[in-house]
Each structure stands twice: as C-alpha cells, then as structure tokens.
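Participant: For reference, each letter of the sequence shown is one residue, going 429 to 1000 in our numbering.
Hints in this document: simulated from the structure, not taken from any laboratory.
There could be a bad hint or two in this list.
[Claimed, not checked] DEER-style ranges, computed between Cβ atoms:
1) Glu480 x Glu505: 20 to 30 Å
2) Pro642 x Glu480: 31 to 41 Å
3) Pro694 x Lys540: 37 to 47 Å
4) Lys659 x Glu613: 29 to 39 Å
[As the list claims (entries may be wrong)] When the alpha-carbon atoms are kept at most 25 Å apart in a straight line, the in silico DSS-like pairs for lysine-lysine are as follows:
5) Lys578 x Lys540
6) Lys655 x Lys578
7) Lys541 x Lys591
8) Lys995 x Lys730
9) Lys807 x Lys883
10) Lys843 x Lys807
Think of the CB as a built atom: it goes at the ideal place given N, C-alpha and C, for glycine as much as any other residue.
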Amino acid sequence: MGGQQGQGVESCGEILGRVLAQEGYSLFSQRLFASRIKGGHTTIALRIATKEIATIGEHVDCLVALDQETIDLHGKEICEGGVIIADDAFKPKWEAHTGRIFLPLPITEMAKKYGSMQMKNIAALGMSAGLLGFPETPFYRFIAERFAKKGETVINKNKEIFKEGYDTAVAAMQGVALGKLAVPEKKDQLYLLGNEAAALGAISAGSRFMASYPITPASEIMEYMIKVAHKIHGTVVQTEDELSSVMMAMGAGYGGVRAFTATSGPGLSLMAESISMAAVAEIPVVIIDVMRAGPSTGMATKVEQSDIRYAVGSGHGDAEKIVLAAASIEDCYYIVQEAFNLAEEYQTPVIVLSDLQFGMCKQSVPAFDRNRIGIRRGKLVTEGLSELDMKTKSYFHRFEDTEDGISPRTIPGVKNGMFLSTGLEHNVFGKPAEGQGDRVMEMEKRHRKFATVSKAIQPFTAAHEETNCDLLLVGITSTNGALEEARECLEAEGRKVNHIQLRLISPFPVEELRPYIEGAKKVLIVEEDLTAQLREQFAIRFDCHDKLLSLLQYDGTPFLASTIINKSKEVI
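Can you make the complete structure from the sequences, with help from the hints?
Facilitator: Written out as structure tokens, the structure is:
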C-alpha cells in the first residue's frame, strides 16, 4: 500500500498485519518513507504466508494506491496476474499490461460519504481484505479495540466503511482468479518491530534505566520504554545528546543498575570516548546500535551494515569490548538479554548491532520464552565486607589481578566496598597509577577476561552441524532471511550449502568458526556495505583469502534471495 505520509498507510498495514497474525499467518512487513518530518511518499509492504518467513517478498501480488505516485513508482512491480486497487481518480501512465489487473474503486467518495477523508485508509483496508478473501469478523473485533476510546459512533462508522470497501472489492473481483492462502492453525505469536523486541529484551533482563537521544532508526526503542516505564517502575531519560546518554547509562551501571542506551551510527561516533572510559573503568553498559546508511548523516531511512568495523574498533587505545549482532527479529529479544549478562559478567561495554531492516520492520515471531536466558550478574559483591585493615587496605581491591581477569566488584553502599573509579590507568584500588608494574598488570588483566566470551554465548547460528559443504553463506543481522531462503532454494537444486549467521563479532569466535571455514570449498560473505567490513574480520584471522568471497550491496535496500542465489551459482 502506498500514499502520502499522513494518509494512514502505516496504520492500515498495522491493522491488517495484527489481524492476520492473530489468525495464525506468518508475516513480514517493511515500511519505506522519506527522510523528512512530514509529507512525502510512503509505502508499507506486507508479505503473508502460512510457513515461517523472515524477509520481504520479491514481487507484488496486490498494490493498493492512495495516490498517483504509488502507481507510477510501484505499478510495474506487480507480478503476472497481480492486482492494482486505486482510487478512481488515478490511473496508470504506463501502457496496460495484459498480465496485470487494474481496479479503479471509489475510495475518496466512500470517505466523503462517511464524513472524513481520514477514513480512506479503512476503506482501503476493507478492499484489501476483500481482495485477498480474508474473513471480516476478526477485522471488526480489531476496529472495535482500536477505536474503543473514541466511542460507538466512530467504531460503527469505521466498521461500515470497512464493510463497504470489502464488498466493493469482492464485487470487482468477480471472475478474477487471484488465488487464496490456506487457513493456518492459530498459534501463540507476536507481531512486532525488532526495536520493540530489543526493548522487551532489556526489560526481561531486569533493566529499569535507559538514557537515550532520539535518532532514526533506533528511536522506537526509547519510545517503547517510555510507554511502559510506569508499569515496570523504570526511568527513561531523553538526554541532550548521545554523549550524555551513554555517560548516564554508565553512571547507572556503576551504581549497580542494569542500564542501556540505543542509537545509530552517528550517535555511536559521539560515544567513542565514553566507551573507552567504560572499558578501562570496567563499567558494565549496553549500547544498542541500529545501523543505517552512512557515512555522516547518510540516509537515515535506508539500511546498511557499515558500522561493523567501527563497533569493533570504537574507543581509543586498547579499549576492548564485546560486540554482538542480532540474528533475527526474534533474536533481538534474546541477544539483548545476553548482552546485559555479558556486560556484568565481564564488566565491560557491550555493543549490540541491529539494523534498520530489523529495527523498523515487523515480523510474526513465536511468543518469547522469558525463562530461556535468566539473569547472571557475575562477580557482584552485594553483602557487607569484613572490616578492612585501614593501615594496609584503605580501599576495596576492585581491580585485583585474577586468573580469569575478572575482579570482584561492589556497588556504592556496600560496607567496606569503597574504591575509586577513573578513566586514568590505575592500581588495584582504582587510584591513578603510571608505574610500569600496575600498567602491565591491569592491561593484561583486562585483556585476559575476554578469552572465554565465545563460550558464554552462542557465537553464531548454523543451518547444518555438518561442516563440509560446497558453499558456506555468511551474514549478520537482517541478511538472515534472504540467506536462509537462498540456501533452501540452492539445496532444493541439489547443491551442498550451509549458512552461518554471526551473533558474536568481538572477540571474534575463531576456533568455533574454523571447522566451517576449513570445511567449505567457498565462503560467500554477504553484507550491506562497500568495503567488505565483515569479510575483513575473517581475512584478518584466516589465511584462506582465495576462498573468502564477498557479495556487497550499498544502495540502501535489503538483499533479495534471488541476488544471493545468482551470485552463489556463479561461485560454486
């Protein structure tokens, strides 16, 4: 469906998606809109299936146009036998194609009849439901819930215009064979944004403090947290900038509160100095980076994965940290929980990579298992300590050298747990120290603690445990759905293909990946950037550069499975 921003395109797609998700269909929806505050062309694409899907489709079966621009831009995307529903004031400017069906319907006239041009989207919703043959009753229930606060008159008007749109489309479709989806079994599932899944993950992890500055495409994480803060006894602070947001989150982490911030590439750039401080002061903090097209302001509403190198290297000096990457919209929930555990267990900043396609797209996913991850706080000392010998130990040994590199930590208020926290190099008490002994000991201690991270989290998902294959497909974040569909298609043709989706980027899980890299004849690393930043992580660590191949895309659009399939056939 397409129209101008403000015409209700998004809310129409939202209602259609929510109703169908409740009925048990698998869904994936994508919003496309201009990088401006108000106005401009917008579309929402909804893929509907009875099997699990995790990416948008490659063709359009039905186009609903609320303006001429939608027909001009997207009319030729209609597949053979597809249908265009449009207001009867609009028409195609291109030559009619016998394989497409154009249905001009009185959308504007219906809205005028019911007294509000804002109801055009509900008329179009009814037409969409009628066109696709979905039952009416679930839509009436949702309309009643949606407009409950506006009273019976508004509810009934919306039901009536929906019904008229529905019947109009059914009548217009007489003799037209569009096809019907099978009716699925109802299942316990959610239909939500990746950003919403990430926010829910933070809540389930026990986080009750978020400091953030709005930025597309991460803002909806903060918006969701604001909406539910009063229900979870939480606090959300909209700061004056990204530097303030990460410093506030670090302050909360120092105080023993699970805290986080969310941003995108430009904001992550501003946080670099603070990330370095969190690394040396060993303060747990979680930073969610919903990647978008850069550099600089770039394209705020387009997808890209070009923050990989910066996320790994952000923070001056040897500022080691953990960098994770969500493997799916569902995984946005689970990996954020794991990020909070790792931040406290390893006393370090943790960056979680998502991207615009995950953050701002909706998918139907199984209801979350809130008990799968659990809460692990590491070496946190919350009980009062025995009296310190004031002659020899004036402070708690917060940065004590340990075998695993992880020192016990206290929080303010723990008896005899006092220590200093600074961005300067320090001794075991936290006091600034520049002696060679303290410097080497603390540097090596901080480095040593990262040795076991790849054992503390599932570092990647693999389609097959068998490591030998003709082609290994590799990706991160939102390439997952297209990669899986490509793998399934290639395997159906008899090719031996595996697929790995990375969840741990730093420290890089070299030994866990080695059998898969060595067992593959070719490795195709699929990423949305120009400079092959993900391949770079492999090339640094594996000598087989000749079989590490790249498929790059940097036009702001997500990968299609067909693009990956075509490239795969070239290299096998």
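Participant: Which numbered conditions among the earlier hints are violated in the structure presented, ordered from lowest to highest?
Facilitator: No numbers; nothing is violated.
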